[in-house]
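Undergrad: The primary structure of each chain is shown beneath.
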Amino acid sequence: MFRFVGDPIENMLGQERTDADVERLRDQLGLDDPFLLQYWNFLADAVQGNLGISFRQGRPVVEVLIERLPATLELAFISALFAILFGVLLGVYTAIRSKGWLTNLILTVSLVGVSLPTFLIGILLIYLFAVELGWLPSFGRGDTVQIGWWTTGLLTISGLKAIILPAITLGLYQMTLIMRLVRSEMSEVLNSDYIRFARARGLSERTINFKHALKNTLVPVITITGLQLGSIIAFAIVTETVFQWPGVGLLFIDSVQFVDIPVMAAYLMFISVMFVAINLIVDILYVIVDPRLRIEGAN
Amino acid sequence: MKLMTLLTSSAAVLTLAGGVSAETLNWARAGDSLTMDPHAQNEGPTHALASQIYEPLIQRDMSGKQVAALATEWGPKADDPNVWAFTLREGVTFHDGAEFDSEDVVFSFNRAMSTNSNMKELLSSVVEVRAVGKYGFEIVTDGPNPIMAANLNDIYIMDKGWSEANNAVEVQDMEGGEDTFAAKNTNGTGPYTLVSRVPDNKTVLKANPGYWGIGQFPLEITEINYTPIKNPATRVAALLSGEVDFIQDVPVQDLGRVDADANLKVVKAPQNRVIFFGLNQGDADLTTDNVDGKNPFADLRVRQAMNMAINREAIQKVVMRDQSIPAGVAMPPFVNGWTEALDSIPAGNIDDAKALMADAGYGDGFSVTLHCPNDRYINDEAICQAAVGMFAQIGITVNLDAKPKAQHFPQIGNLTTDFYMLGWGVPTYDSEYIFNFLMHTKGEKRGSWNGTRYSNPDMDAKIVSLASETDLAKRDATIGEIWSQVQEDLLYLPIHHQVLNWGMANKVETPVSPDDRARFKYFTLN
Amino acid sequence: MDTLKQFLASDFFYSFRRTPVAVVSFCIAVILILSAVLAPVIAPYNPFDPATLNLMNGFSKPMEPNAFTGETFLLGTDDQGRDVFSTILYGMRVSLFVGFAAVLLALVLGVTLGLTAAMAGGRTDAIIMRIADIQLSFPAILIAMLIFGIAKGITPPDMRNQMAIWVLILSIGLSDWVQFARVVRGAAMVERQKEYVEAAQLIGRGPFTVAFKHILPNVVASVLVIATISLALAIIAEATLSFLGVGAPPTQPSLGTLIRIGQGFLFSGEWWILFFPATTLLLLALSVNLLGDWLRNTLNPNMD
Chain A
2 MFRFVGDPIE NMLGQERTDA DVERLRDQLG LDDPFLLQYW NFLADAVQGN
52 LGISFRQGRP VVEVLIERLP ATLELAFISA LFAILFGVLL GVYTAIRSKG
102 WLTNLILTVS LVGVSLPTFL IGILLIYLFA VELGWLPSFG RGDTVQIGWW
152 TTGLLTISGL KAIILPAITL GLYQMTLIMR LVRSEMSEVL NSDYIRFARA
202 RGLSERTINF KHALKNTLVP VITITGLQLG SIIAFAIVTE TVFQWPGVGL
252 LFIDSVQFVD IPVMAAYLMF ISVMFVAINL IVDILYVIVD PRLRIEGAN
Chain B
38 MKLMTLLTSS AAVLTLAGGV SAETLNWARA GDSLTMDPHA QNEGPTHALA
88 SQIYEPLIQR DMSGKQVAAL ATEWGPKADD PNVWAFTLRE GVTFHDGAEF
138 DSEDVVFSFN RAMSTNSNMK ELLSSVVEVR AVGKYGFEIV TDGPNPIMAA
188 NLNDIYIMDK GWSEANNAVE VQDMEGGEDT FAAKNTNGTG PYTLVSRVPD
238 NKTVLKANPG YWGIGQFPLE ITEINYTPIK NPATRVAALL SGEVDFIQDV
288 PVQDLGRVDA DANLKVVKAP QNRVIFFGLN QGDADLTTDN VDGKNPFADL
338 RVRQAMNMAI NREAIQKVVM RDQSIPAGVA MPPFVNGWTE ALDSIPAGNI
388 DDAKALMADA GYGDGFSVTL HCPNDRYIND EAICQAAVGM FAQIGITVNL
438 DAKPKAQHFP QIGNLTTDFY MLGWGVPTYD SEYIFNFLMH TKGEKRGSWN
488 GTRYSNPDMD AKIVSLASET DLAKRDATIG EIWSQVQEDL LYLPIHHQVL
538 NWGMANKVET PVSPDDRARF KYFTLN
Chain C
62 MDTLKQFLAS DFFYSFRRTP VAVVSFCIAV ILILSAVLAP VIAPYNPFDP
112 ATLNLMNGFS KPMEPNAFTG ETFLLGTDDQ GRDVFSTILY GMRVSLFVGF
162 AAVLLALVLG VTLGLTAAMA GGRTDAIIMR IADIQLSFPA ILIAMLIFGI
212 AKGITPPDMR NQMAIWVLIL SIGLSDWVQF ARVVRGAAMV ERQKEYVEAA
262 QLIGRGPFTV AFKHILPNVV ASVLVIATIS LALAIIAEAT LSFLGVGAPP
312 TQPSLGTLIR IGQGFLFSGE WWILFFPATT LLLLALSVNL LGDWLRNTLN
362 PNMD
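Chains as they are written, first to last, in my numbering: chain A, 2 to 300; chain B, 38 to 563; chain C, 62 to 365.
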């Protein structure tokens, strides 16, 4: 696909380039080699841990990726946390108080949140909280602390403030999804015979709701959350662009625009590995959490 | 509302209190510098950052005038016009304390002319560079080069010893897959030193206490935090919220909002860049049109009609919100050779244009594809979109194909577009630069950006003669002749000259330089 | 006539009548869809015809005469002098077309693969469902960007404007089929065990006849619910892709493209360029989502 994205040469040479320069550099980078040969060279190098040099930054791709990874993972982690926490809380609330006006409000507002594109929500949040109110920063990660090769923004006040808006923007959709899932699973469980028996036994509502009902809704929640991690990482492209969040998503968009082929290839490879890993973990979790599967597997 | 104001002002106080020293400037623009190696990329944002750290022999000040930097005197030798002689500044040290002398200059020029350098085109006429004593330096060219000085403003001087010690003698070779020291580390003579840098994220510069220019320049800003912010709305939001003090690329629609803000202002100046359309007028047939066996653009009347159809005033008023100067010639007003007469807007209205089309046999119009960048010039896509409507009024159906610059510009180079948008800045401030790239027949050395397929041997000869014409009056006459030929044959359809708008906090004082380069040593604070 | 009477008397319609949210969303959705379909009749201008545009009309405020031309527009004009009201109607046509076509593609693909998996079983089933798992975790917008990149390279330049729409449909459709496949497969697995299917197979019906004639009708409810929700998702996905620069062309904008253009005018005071398209998108997606919700609750299909 890379040859369709554009020609990196144009960005690598300035306005003063001659046609002879273009030829020379194309030749140097092997861009005129047959596509399969280019791909083979890439794979051969990748196996040895050499993903090449970024055309745009002139630095090893591995170094660039590692530098950017913590930002994206922290953002993904915090927004997943936000989504799960609020998703489960609101889901439980709306299931228990299924008729209240607050429930209706929560359900409607959450639908509004998923009926607008992510980038617009991000820009509206910036407009409200950064420009009009001046409470939160509009871009970047704030101050970061270096721990080994990892940089974290979670240990400074400015870093924590900076992550709020991007995390909400990114996690809103997943939060709604989890909330609705918890709500429907929980309503179903609450109407089941098993809970009726529990009530009959005189257990307190709190025990019933949290100890018995909620526990039973967790299996599908874990699955969905796991599978949604993939789209969190992907939608990070949009969120990172809006908030100038220095993660791999922004790196990917910059690379696409510059036709930085080595970085694009490495990013896609990273994403694929990531998804295989997520799938695997979800499968394993499934087996651990749901005993039925273990029995089925044994047959 | 009161609450809102209260909150906003308390936030502003917090921001002020946060930046303890009032001399810190938070600077943002759309793109980051690509590398710290001063010879690896010939690109605006890269040079903009490099020029705070490294210095050339001769630099431009904020008005575009050439002033002394590392050279104090320069000029062609009286006895040999093929040699330019420079007297270098004494007592200058690099950031690491090493002394600056002619050896460093020879080293840097040779480095800038090496195969992997991106700066070598500017030095293509150079045969040899040599040191003459500790503070003398000479450039030998393949013929007299009257405008040599104009090519040197972005040729930065590195320390020979430092480069050798750190294995940075060669400009980075992308193919070799090697990482060079100079791409991440710097050692210049300039007013600022590099403190830290995370590409695409944050770069911190501090004032150089040993700078030779202390006392000669304001140097009031002592620390610079530079962050690229890609999304225009976010960039403006950061300026409005006080998180950054200075942005170079305010979208034209947000100028009003920024200017109306009590804490901010907008400073503007015409830019050294002209925007125009190129037409394939040389081929016998076009690939993207619906006319068989003929090239409508080859007919001068069609080109004239199209030139009339472009409503430059409407583009200026609506698309650019007055932030452009309608153009009649593909040359910014700063350039040697520009005249008001050349730049006058073509006369004629839509009816005249329609008559010309009918005359040329295209009364029923034709269709063609227009290629446009959508991330290069100010409102590039919107301009093309507006042009589609204007050409539709004289019967030309234009399919608009707008895409990122990395896909757009190669089409001009490899001649796969018949109709395209291009903008041109002229760092040398001389017409020869425009002719060499845009007007000369496309070939190995010249005409690399000429996508019009126009070829005029007579004009080519004149263009080539400019390089070695030492009689400046005669040279200017030739330039004038070439321009009238260009206008007569209508090689390009000019649209406008861009206007630069810098948005900044009230405390910052600076004029806008026509090359969009912020030279922080000239900035003052109040 | 009888069918209509039957329908009006059904539990389904009764529930609909008794749920104000459903009635309101249904009305809004119908009005929006109808006005998109009838755009050429309703819209005062044709924003897709560049010859009719006057750039000087640009940035007219809603209901106020333009400073240069004196013309007045109901919802104002955008940066190109296009009437916002007409552009929304035409843009919605593009968005709805992309949405419906993408969902249709996903539905056909998903139902076919789901049924095949269930009926064939064994290795075919395992392979199809494995692909579905991978697909489910691979985000739609990444797939769309990949397809877009390739399609842009292989289509001739003068075809690209028309191609963009089809590429959007293909990429959104291809990333949405898994849900359909899973539900249909699940339902088919259950139905397959039932006696009538075994009976049908015994009297010599081929597996596909059985699948389409007997099993499919039983999963219509689930498929309808998923399709409704997917429609809303597809419309939003199209908007997101437009922000990433791979959406409908600006000369023939979709609602998403309009919002992408409009967000550039958020700070400058020309709120109407963003507000009206965004509100329309919100109303459209919200009403379709609410309808989907109600359908899910009423039909109560087994969604696992």
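Keep in mind the hints are simulated off the structure, nothing from the lab.
Among the hints, a few may not be true.
Derived CB-CB ranges, DEER-like [said to hold, decoys possible]:
| no. | chain 1 | residue 1 | chain 2 | residue 2 | range |
| --- | --- | --- | --- | --- | --- |
| 1 | A | A278 | B | S492 | 30 to 40 Å |
| 2 | C | D110 | A | W151 | 51 to 61 Å |
| 3 | B | K331 | C | D110 | 44 to 54 Å |
| 4 | C | A112 | B | L452 | 21 to 31 Å |
| 5 | C | L135 | B | N386 | 23 to 33 Å |
| 6 | C | L135 | A | D144 | 41 to 51 Å |
| 7 | C | L99 | B | T434 | 24 to 34 Å |
| 8 | C | A70 | A | L103 | 32 to 42 Å |
| 9 | C | A112 | B | A67 | 27 to 37 Å |
| 10 | A | D144 | C | L95 | 46 to 56 Å |
| 11 | B | E481 | C | V102 | 54 to 64 Å |
No more than 20 Å apart at the CA atoms, straight line, and that leaves these computed lysine-lysine pairs for PhoX-like [to be verified]:
| no. | chain 1 | residue 1 | chain 2 | residue 2 |
| --- | --- | --- | --- | --- |
| 12 | B | K302 | B | K544 |
| 13 | B | K302 | B | K331 |
| 14 | B | K221 | B | K239 |
| 15 | B | K302 | B | K102 |
| 16 | A | K162 | B | K239 |
| 17 | B | K354 | C | K122 |
Where chain B lies over chain A, by a calculated footprint (3+ residues, C-beta under 8 Å) [unchecked claim]:
| no. | region |
| --- | --- |
| 18 | 196–203 |
| 19 | 235–248 |
Where is the CB? At the ideal position from N, CA and C, for every residue including glycine.
Undergrad: Are the hints correct? Go through all of them and say.
TA: Against the structure, the hints come out as follows:
1. A278(A) <-> S492(B): 30 to 40 Å: violated, 58 Å
2. D110(C) <-> W151(A): 51 to 61 Å: holds, 56 Å
3. K331(B) <-> D110(C): 44 to 54 Å: For D110(C) against K331(B), whose Cβ atoms are near 26 Å apart, the range 44 to 54 Å is violated.
4. A112(C) <-> L452(B): 21 to 31 Å: holds, 30 Å
5. L135(C) <-> N386(B): 23 to 33 Å: For L135(C) and N386(B) the Cβ distance comes to about 31 Å; the hint holds.
6. L135(C) <-> D144(A): 41 to 51 Å: holds, 49 Å
7. L99(C) <-> T434(B): 24 to 34 Å: The hinted range 24 to 34 Å holds for L99(C) and T434(B), with Cβ atoms some 26 Å apart.
8. A70(C) <-> L103(A): 32 to 42 Å: holds, 36 Å
9. A112(C) <-> A67(B): 27 to 37 Å: holds, 34 Å
10. D144(A) <-> L95(C): 46 to 56 Å: Given range 46 to 56 Å: holds, Cβ gap about 54 Å.
11. E481(B) <-> V102(C): 54 to 64 Å: holds, 59 Å
12. K302(B) <-> K544(B): Holds. K302(B) to K544(B) sits at ~9 Å (cutoff 20 Å).
13. K302(B) <-> K331(B): Given pair K302(B), K331(B) is violated - Cα atoms ~53 Å apart, limit 20 Å.
14. K221(B) <-> K239(B): holds, 13 Å
15. K302(B) <-> K102(B): violated, 25 Å
16. K162(A) <-> K239(B): holds, 18 Å
17. K354(B) <-> K122(C): Holds, at about 16 Å.
18. 196–203: violated (count 0)
19. 235–248: Coverage by chain B holds here, the residue count being 5 at a Cβ distance below 8 Å.
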